[in-house]
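2 protein chains.
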Amino acid sequence: MIKIGILGYGNLGRGVEAAIKKNGDLELAAVYTRRAPESLVIKTEGVPVKSAAELELGKENIDVLIICGGSATDLPEMTPKYAALYNVIDSFDTHANIPVHFASVDAAAKAAGKVGIISCGWDPGMFSVNRLYGSAILPDGRDYTFWGKGVSQGHSDAVRRIDGVIDARQYTIPVPEALERVRNGENPELTTREKHTRECFVVAEDGADLARIEREIKEMPNYFADYDTTVHFITAEEMARDHSGLPHGGSVIYSGETSDGTKHVIEYSLNLDSNPEFTGSVIAAYARAAARLNAEGKTGAMTVFDIAPAYLSTHSADELRAHFL
Amino acid sequence: MIKIGILGYGNLGRGVEAAIKKNGDLELAAVYTRRAPESLVIKTEGVPVKSAAELELGKENIDVLIICGGSATDLPEMTPKYAALYNVIDSFDTHANIPVHFASVDAAAKAAGKVGIISCGWDPGMFSVNRLYGSAILPDGRDYTFWGKGVSQGHSDAVRRIDGVIDARQYTIPVPEALERVRNGENPELTTREKHTRECFVVAEDGADLARIEREIKEMPNYFADYDTTVHFITAEEMARDHSGLPHGGSVIYSGETSDGTKHVIEYSLNLDSNPEFTGSVIAAYARAAARLNAEGKTGAMTVFDIAPAYLSTHSADELRAHFL
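Keeping their order, the protein sequence lines are chains A and B. Each residue of the first sequence is one higher than the one before, starting from 241 at the first, in the numbering used here. Each residue of the second sequence is one higher than the one before, starting from 241 at the first, in the numbering used here.
Just chain A, same shape as in the assembly:
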């Protein structure tokens, strides 16, 4: 059994917990929290909730620590810190800072003889793997990534910060015509606006100026200004009834030629009822890989690019060749 520790029990931590239940060779050893441990009730019976401070002695009986923190401030500090003590894995997704994060995790993990897998999940993660495979197979081509239809938690949070907004949910939606053109192998140039639309469901305070809220959403730089955005004002009851899930998904489409006019289109697409449970499931499979790679003597930081598919599977190499090849 591979003993897993989860640090952080938000949406992603609970998604990892659900994934561990589906993997017979993975065992949840403990959940670690920066909150008061007694304030947390987890779904797995008989598993202790401990203070994150306990991790710092480096004596916890875990094979891999899955760090479920935010990319802005948590992971840049936590992942290298714990990579000096345990095999670790995170879902760091601030693309521009990946080189710096990789370097700091690599240094800590190498010095400690541990493995640290960063930026694991579906994007970055499985989508990245498919961008790489596509570009290697069809070098005379290009990739397109579409997200959705699904809830963007970052955009939902941005709407919630607007004065007069009680709650909000933002869906990212690929533009069907753009998807169609890419799937046809046209390799079009597409602007941000041509690729995705955004749809917001907002619960506003009684008497709030709805026109102002809508304008503030649509004009918000980076988040909405470059998109066609639709805003719907709904009640708290409608929000709870119709928008409580966190579905997501999307497609990586790679399209290229192998000779004049001979086109090929590769599409990897996901349709997910729960973004955190699927992300947690990808991370659980790579946690297995982290434990195995470290047992083989590998150390340092890695990404999904560096790990052969066989390391993710519970099946032996013989079984994989006989049944999956």
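These are computed hints drawn from the structure, not numbers from a lab. One or more of the hints may lead you astray.
Stated by the list, open to error - When the alpha-carbon atoms are kept at most 30 angstroms apart in a straight line, the in silico DSS-like pairs for lysine-lysine are as follows:
| hint | chain 1 | residue 1 | chain 2 | residue 2 |
| --- | --- | --- | --- | --- |
| 1 | A | 435 | B | 262 |
| 2 | B | 435 | A | 262 |
| 3 | B | 538 | A | 350 |
| 4 | A | 538 | B | 538 |
| 5 | B | 350 | A | 538 |
| 6 | A | 262 | A | 389 |
| 7 | A | 350 | A | 389 |
| 8 | A | 299 | A | 283 |
Source: prediction; values computed, not measured.
Place chain B on chain A using the hints.
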């Protein structure tokens, strides 16, 4: 530059040749043939065509030999033989015999200090990788593989062997309702007949008994008896005009749950204008991996399961993390 030799210049050999042209770090060093070398004109200028016999001295200046032979009789003999002399790669696709083929290539390659990648292409190959990734991420789920719409060369050949048939082309077509149910996450039980239909275009001899030909096709065991098959008789001109390409494709769909009622669907799909050019492109990317792995000191037989994605790419690890993750 990685120097590539191609052994066998049929559809697949020409597909590999096209792929090499698209990869700046790959160089076609020579084409080897069991026919008279002077009878072969290849598309790449300035590259020699040599007798396959020349390979047997083990002195050819190539980094990887791509063996483009048939799985029934060529590859079981050729791949281990040449793995004792060069890094090799093949597209062996007789699923039931993969374990035996792997073992014989492994023994030869290990003894010679070479790498031998077997069963490379899209199925087996990229489809296999996606079956593995899917099963590792969603262990409580199942995979479905659909082929087509595309030309099955084996089925086309089987129809051509019928008395009175001059030429034939067989298309394998997924049943839309089955695809739809799988994409919806229903995880249905599907019979062979429910998954695919077969459509044949046949040029018959003048005066041939068309009813008999059609009956012989539809009742042919293994190839057609378990499917709903449609047969169209066409002229040689129509065959040349409408059916000269070798398009193919298909989908691997993995569908599973991460908690009660929470479903996820992963789909990897290909839409290929030319089956041999795409297969050749996958093989070219893995030939790069073979050269690199051997340069690192790795030896023995491998499959797509054993090779980390980064080995396929011309980009450095830093570039991959910065731009593809």
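Find the hints from earlier in the document that the structure breaks and name them by number, from lowest to highest. Checked against the structure, the only hint that fails is number 7, while the rest are satisfied.
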